[in-house]
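**Student:** Below are the chains, spelled out letter by letter.
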Amino acid sequence: MILDFFKYDFILFALAASLLGSITAGIIGTYVVTRRMVFITGGITHASFGGLGLGFFFGINPLIGAAVFGLISGLSVEYLSRFHKIREDSVIAMMWSFGMALGIIFISLAPGYAPNLMSYLFGNILSVSYSDILIMGILMTLVLALFIPFFRLIQYLTFDEEFARTSRVPVSLFKYLLAGLVALTAVVYIRVAGIILVLSLLTIPQNTALLFSNNLKKIMWLSIGFGFLGSLLGLIISYAGNIPSGASIIFSLVLLYLLCSAGKALYFARKKQINLSKPV
Amino acid sequence: MNLVELKSVTFGYRNEPIIDQINLVIRDGDFIGMIGPNGGGKSTIIRIIMGLLEPWSGEVIIPKGTNIGYLPQTHNFDNRFPISVLEVVLSGLLKVHGITTRVSSKDKVRAMEVLAKVGMSHLAKRSIGELSGGQMQRVFIGRAMISNPQLLILDEPVTYVDNRFEQELYYLLEMISRETAILLVSHDVGQIVSSVRTIACVNRQLHYHPSNQITEEILESYNCPIDLITHGHVPHRVLHTHLP
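As given, the protein sequences belong to chains A and B, one line each in that order. Each residue of the first sequence is one higher than the last, beginning at 730 in this note's numbering. Each residue of the second sequence is one higher than the last, beginning at 12 in this note's numbering.
Treat the hints as calculated values from the structure; they're not laboratory data. Here the structure is a predicted model, which means the values were calculated and not measured. Don't be surprised by glycine CBs; every beta carbon is placed ideally from N, CA and C. Any given hint could be a false lead.
[Said to hold, decoys possible] Under 10 Å between C-beta atoms, here's a sample of chain A residues computed to sit facing chain B: (1) Y885; (2) D889; (3) S896.
[To be verified] From chain B, some residues computed to sit far from chain A (all C-beta separations above 10 Å): (4) N13; (5) L63; (6) V71; (7) I72; (8) Y81; (9) H86; (10) D89; (11) E98; (12) L105; (13) S116; (14) K128; (15) E167; (16) R175; (17) V204; (18) R208.
[Stated by the list, open to error] Pairs of lysine-lysine, DSS-like flavour, derived with a Cα cap of 27 Å: (19) A:K1001 with B:K136; (20) B:K75 with B:K117; (21) B:K128 with B:K106; (22) A:K946 with B:K136; (23) B:K18 with B:K106; (24) B:K119 with B:K106; (25) B:K117 with B:K136; (26) A:K946 with B:K106; (27) B:K106 with B:K75; (28) B:K119 with A:K947; (29) B:K136 with B:K106; (30) B:K136 with B:K119; (31) A:K947 with A:K1001; (32) B:K117 with A:K947; (33) B:K128 with B:K117; (34) B:K106 with B:K117; (35) A:K993 with A:K946; (36) B:K136 with A:K993; (37) A:K946 with B:K117; (38) B:K136 with A:K1000; (39) A:K946 with B:K119; (40) B:K75 with A:K947.
Just chain B, with the same shape it has in the complex:
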């Protein structure tokens, strides 16, 4: 089943398009890694899917009732706002419960489970502003996961988090990906190439590659300059930076 479909979508901020006639289909069972240079349009595509931006042209098709969990790349909130970590995670249920959202004891149990998964349950009662950047990021990942979404979109999830949680997160995502489609955005291929099934390369345009076939030649032929950084257990394929 298609969860999200973008048909020939174009969008830009001034007169210049940032993404140009992009086609993208996300289906049940997908685990897509979206890579590309800074400013190439990755977050723009995500923001269009989430309804935060209206495309200049093209079509965005999301079947009614599709539940998408979302981790934004940047967070624009006042970190002195009086809200507990638990309550932040519970806010991820807003789209399920609607405008008269209430929280049941079952929801709270679920929120604690999610917090345990991201290793934050001991801080559930803290104010969000008291946490470090990495801890906040874990809480926001929890907020994206709490509603058991059919599709989980994570925009640069490992920013701010330490190396150990990065490994834990990829392991967690592999577990989740058995039941949930995932779209994982990163500017760094090395981090994700070992977990994902498909690579979507975004640099004004979008091209797919099965992840086991990604090579320097392919990336080069699609004008997709990337720093391929390897970590611990990733097969060692270091590519140099190349420009279009």
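Bound-form chain A, shown alone:
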């Protein structure tokens, strides 16, 4: 049965998407989680639904529309965050719901029925095509090209932006580049996890990793590992139980998180007990 599993192209594509996605989302998600921009990322993803609708309406690839909307919203939130007078979370909530509303308006105006709306909302890793894999590969290359040479700079500016600014390095440029990559990652992986679920790829493996390390590089590696493990497990569950893959992947990621945090709690409880039972 396991061999059967690898027989189909769509399974191989799904595996490739899992691997590329784990690497890209592992790195970008670590940035998102440690810079506490999870809510912003949720806003960007949902705002991109407006672009998706626009794509349907004009009959172009909806993901291109989504990418444009995602980039615009990501960069403008980064820009607005410089002004402290703005209630950032409220602006994000507006952007979030406005994007969804626009999407619905365009889709209902579009001629005919939008065929696979569900797959954009919840994702389907089993429908990933060769060109999707190509796009995911390009995105991963971009992410690595930013994070490998500039890892420490990114770490320092995420930790203490103001101090980085006094070090005379182009902090704003890097913040915009990173915001752009966050937006593109969210949009590209709509294919896999859908608008509603994509946030989980960027947060759950990272929080599992954070249980084990305070070293940013290690957290990225662990996130990649947990992300890939969860995706594989999810794929198998999806295949075996005929369950939508987005849901089964997220179920597995959360399961891993719960197992790891329970394991960690047990380990520390035992350690404490051993220390207490030692003769003084």
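For this one, chain A is given, so just place chain B on it according to the hints.
**Tutor:** For chain B alone, kept in the frame of chain A given last:
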């Protein structure tokens, strides 16, 4: 050699200037104590020097390549960010190494030396968020010192730290001041008057006094109301608060 020069610099936050046509020169070998009341503009001057604020008018001249170590008055960071104490100190090298900053084993040795100086080497591997306020402050002082700067700017360094480290810090600064220019900001004269060579009094304007000549009359004549608090070994000159 001039390390920093401010020429007739004015800056404010709304319509009202907080500092008004300030002139300041920091040279090699200087040890300046900057004092003045809260809201008088001390941190504003520092933030202008560090390039965090653009002055409304006037000139800021810092020769290219001047290395300034900086301890901000307040820290705006998420203390659950996953970063070790050692890594925080190493981030002080960013301005030397530039955007593709890497860390060599020599840098790590240097970081451990600096951590030993501020008494934090036993906590090098801890996450920054696990430390107390005073311990964090020591680590940030280490971050300001690691690059062997030509000028060290410390904005209220003894906030959060205990009395013993305060004494240690002033001793450490006296040692450093033999090779490095220092600008030490404090709202409390008593703490610094015994260590520094020059006092710069900031209250919208800036006036210099050699530290051995500072008296109540001088401070009063420049509208610089200060609580002069004395500690252990400082010569006892208690001044009352006076308003402009």
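**Student:** Flag every earlier hint the structure violates by its number, smallest first.
**Tutor:** Failing hints, ascending: 5, 8, 9, 10, 11, 12 and 40.
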